[in-house]
Amino acid sequence: MLWFTLFFIISLIALWAFIKIAVTGEDLSQYDTPVEPLFYDKPASPPHFELEKQFTNVDPTFAKLSKQQQLLAMRKTMDKAGLRGTTTASFISADAAPVEGEWVMTEDADPDKRLLYIHGGGFMMGSPQSHRIITSKLAEISGAAVFAVNYRKIPENARLDCIEDCQDIYRWLLDNGPQVEQPVRQLIIAGDSAGANLCLSLLAWIRENQLPAPAAAIALSPTTDSTLSSPSIIKNLNRDAMLQNFFKPIVRIPKTLLLLTSWINAQVRPNDPAISPIHGDLSGLPPLLIQASDSECLIDDARRYTNKARIAGTDVTLQIWREMMHDWHLFEPELDEAKDAFEQIRIFLNKHS
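First residue of the sequence shown? That's 1 in UniProt numbering, and the numbers climb one at a time after it.
Derived by calculation from the structure, the hints in this document are not laboratory data. Watch out, some of these pointers could steer you wrong.
Stated by the list, open to error - With a cut-off of at most 30 Å between alpha-carbon atoms, the simulated DSS-like pairs for lysine-lysine come out as follows:
1) K248 x K53
2) K42 x K64
3) K248 x K76
4) K339 x K67
5) K351 x K53
6) K351 x K113
7) K67 x K80
8) K76 x K351
9) K339 x K351
10) K235 x K42
11) K67 x K42
12) K235 x K255
13) K80 x K113
14) K255 x K42
15) K76 x K64
16) K339 x K235
17) K53 x K64
18) K64 x K339
19) K67 x K351
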């Protein structure tokens, strides 16, 4: 009995060690420095505090809904938010594309200059409609024909399906414009949050498959590490109004159990570069602009990715905003900080056009 107990304990320790090694990957703390100074050091504007309340003051009836009902409600709310405001851009269904999506274009858009936009939403929410605030602004400041891809979401689909859809649409955009089959002259990739994760994963895939590279890429509040090792997840848990309700239940789960569950659910290791771009080779990538906030849970994801990519020789511009919630770009025109962020994106795009 004693030998059996000892064998059982040793087996558990061996299993724990295997899981830890297999799913955590390299020690990313080596990329915690240097610490980039704040790019935008103004205190948050009054409208920002009002917007934060929309995320921290949760409707008590929401908790009474089933998980499926909660997801559907969040999807509906997110899509509705994308319809506010006015824009000079038009939204056109992309019926000929191999993946669902829509073209977002101003009247004078150059159809041979294309921008692939990959929306955020935790891989389970969001759509081209929910992110029209961002895609219409990008259309206005870039002069490009913006394609907003409606990739497949979890849990109805596998995590890798999201990636496959982005790869398929990138290949298609190389030779297809809004109206006709026409080779692209210039292509840009951009995304926010989960969409920024897909954007960064796509960049490495393009390089590995020796496809024509985009002229530049933009990652807004990116999540780069699916092993969730960034210290800022805990440090900024009570500061990030948008993500705190998502991360609070997660951080209570023992880390090894969390990663094992993630592995099983996603059917891919959390440290696989396909879903954790920071764990891959970051050399030979196009010029990249990353914007993040010092108070969001994912700031260390952005910082670590930047530092590792720069060591690998990739040109990365990291701009850190003060006191903004995660993905504050969604709140243009309400936030002056969002307007200023888009102005920096315009400058970056002009530099790399």
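Results of checking the hints against the structure:
no., hint, in the structure
1, K248 x K53, "17 Å, holds"
2, K42 x K64, "39 Å, violated"
3, K248 x K76, "23 Å, holds"
4, K339 x K67, "35 Å, violated"
5, K351 x K53, "37 Å, violated"
6, K351 x K113, "15 Å, holds"
7, K67 x K80, "20 Å, holds"
8, K76 x K351, "37 Å, violated"
9, K339 x K351, "19 Å, holds"
10, K235 x K42, "21 Å, holds"
11, K67 x K42, "39 Å, violated"
12, K235 x K255, "16 Å, holds"
13, K80 x K113, "29 Å, holds"
14, K255 x K42, "36 Å, violated"
15, K76 x K64, "17 Å, holds"
16, K339 x K235, "27 Å, holds"
17, K53 x K64, "20 Å, holds"
18, K64 x K339, "37 Å, violated"
19, K67 x K351, "45 Å, violated"
The structure shown violates the earlier hints numbered 2, 4, 5, 8, 11, 14, 18, 19.
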